[in-house]
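Each chain, letter by letter, is given below.
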Amino acid sequence: MIPPLWMFLTVAAALFSIGAFGVLARKNAVAVLMSVELMLNAVNINLVAFWRFGETAPSVIGQSFAAFVLVIAAAEAAVGLAIIIAIYRTRQSVVVDDVDMLKW
Amino acid sequence: MTFNELSWEALAFGAFTILTLGGALGVVFNRNLVRGAVWLVVSLFGVAGFFVLLSAPFLAAVQVLVYIGAIGILFTFAVMLTRSMTNLSERFNKQAWLSALAAVTLFLLILLAVIAPIFGEIAAPSSEVVATTEDLGVALVSGDKFVLPFEVASLLLTAAMIGAIVIAREED
Amino acid sequence: MGCDNIINTFAPCLSSSLGVPIEIANFIGIFLGVIIVASFPLLVAIALIWTERKFAARIQDRLGPNRVGVFGLLQPFADVIKLLGKEDITPAGADRPIYNAAPVVSVVSVLLIWAVIPFTPIHVGVDLSIGALYFLAVASLGTLAIILAAWASNNKYALLGAFRVVAQLISYEVPLALALLVPVMIAGSMSLVSIVEAQAGMWFVVSAPIAAFLFFISAQAETGRAPFDLLEAESELVAGYNIEYSGMKFAMFFAGEFMHVFTNAVLMAVLFMGGYLGPFVDQIPMLGLVYLLIKASFWYLLSLLMRNALPRIRIDQLMLFNWLFLVPLSVVNLLVTALLLMIVREVGLAPDDPRSFVDNIPQTIVLFLGNAALFVVVMSMVRNRFRAQRLAETQTDDLLPATAGD
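Residue numbers (this note's numbering), protein chains in the order written: chain A, 1 to 104; chain B, 1001 to 1172; chain C, 2001 to 2406.
Keep in mind the hints are simulated off the structure, nothing from the lab.
Even for Gly, the Cβ is constructed at its ideal location relative to N, Cα and C.
It is possible that part of the hints are untrue.
Covered by chain A, according to a simulated footprint, are these stretches of chain B (three or more residues, beta-carbon under 8 Å) [stated by the list, open to error]:
no. : segment
1   : 1008–1020
2   : 1028–1041
3   : 1047–1054
4   : 1067–1074
5   : 1099–1112
6   : 1149–1160
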């Protein structure tokens, strides 16, 4: 007997909120990216939980959605970190606030 | 609660909750970013545990493979390459308190709007028969299901790979 | 409740004879099972250390360990006692929690693989439906352990070694995974038990020799052993990622490496040589373990031979070999096998009874011929490429006077 749906949703909500706080508050760009990963994973827990509790056997919509989120997360991490490394090379900094070249 | 009521699933759920949320707090509050990456791995490992509990073993294995085997190492590398593990004087920017308030509000809102209506409900899953990995594999390549998103995802990965190389490459 | 077969009926026996609640009995049963499965590779590792040292010694025209016990059989125990007695050093500036955790993760990443390996027809830790994928996922934990060990040691040689090894391990995971997909495809399942059962008619090493070769080579690279032992190239990097480790923590990395090599040999046996299958296994299940160990020993000795007989290759050669040879070959191999399997199934050559040897012959012949054709094509391409390179070299030699040291 697995725990009820609301428990999974609560954990996912907490994870999402922690991630959101990290994205908004951290100065280091790498930490911001890590927090984004946390938020994506919270979404994945929700997707799989809704799939498990809501859909019947042959349907895999929730699972495949979660799989696509995983793909996006991998792509996002690769490109995001590449951008951070490129910025570090030119500005010697990974603080998000220092990257304000486009601001005037 | 007697021993019989306390199922193994509930215990596992508790353990994975601690791993996931503890790891997440570690990511957000740790000064040292390599440790932050370790905490991220711990947290995502907990999420993989949730997938096992929700009878999605394929996703759990892929989660471990992709997040720990690839993304965790990628983050560790990025931290080392940018030397950002040297502790920054300030972890948080000026809007930290505002952000904390926003995050807590968000959490409370979700609790109130989504979880409160179903709180305490012990609804069993709609069916004990779950789709297998084979079902997922067939769905990902069958024309009337997800073959288009599947191909787009592959294209996206290729584009991301090329993009990452182009961006991170040193010009010489 | 009969208590004759202790392993399978342990929990019910315990609860009926001693009056232990069934949940606790189940827990004790699972707990004991985990301990047995996890300590088996640790015990095997002790024997492996002796085998390896003797083997290497014979190749190098030495005697090897021969002082402690008969034929030096007790040498591993002497080693362990020596390592336990060594000072446990933590370098200054090390990140202690990570420094201490890394060796444990390294060993655990290998031990976890054993959870899905079928020892005999009835003894298997867990028959996961995604066993093959589980192996890949768990093995990737080892890479993380290495980079964390190196970073936590606060040593530049360790970090240099780790950068190399991560590049190597991640690269060789690609052909490893692609080669693993071939037996999965032929068996039509990712469960290791189903893969073994699917080989009742014919071992996959016959129908997919190229995949077996690819898996063996990339698994050897994954263990970081010669000729792929760049991560600990003594002459360049002092010792690689484990330079700062001493005493039992070093021993854990060391034992982890030994177990990893043997685990790969066992996986080769399971994936390509029919695992526990052999005569009379249905009657006496424990025979399966003997067959499995015999088959695994074959691959283990082959890997020892490779380690001791081949020189270490350079890092650029390592990467070129992977990305220009192994990866394209594994992709083409996967496509060819998939195509041939499809044709076999459409034409109706697929075995009616997968367990019968005769029924498997047509499919095996088709797959084997496909592999042979691929082998011929690839080898002639390699030959032409290197012949062109050689010709170019001889021409420049004619034009330029040879410099000293060339």
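Structure-based check of all given hints:
no.: 1; hint: 1008–1020; in the structure: holds (count 5)
no.: 2; hint: 1028–1041; in the structure: holds (count 5)
no.: 3; hint: 1047–1054; in the structure: holds (count 5)
no.: 4; hint: 1067–1074; in the structure: holds (count 4)
no.: 5; hint: 1099–1112; in the structure: holds (count 9)
no.: 6; hint: 1149–1160; in the structure: holds (count 6)
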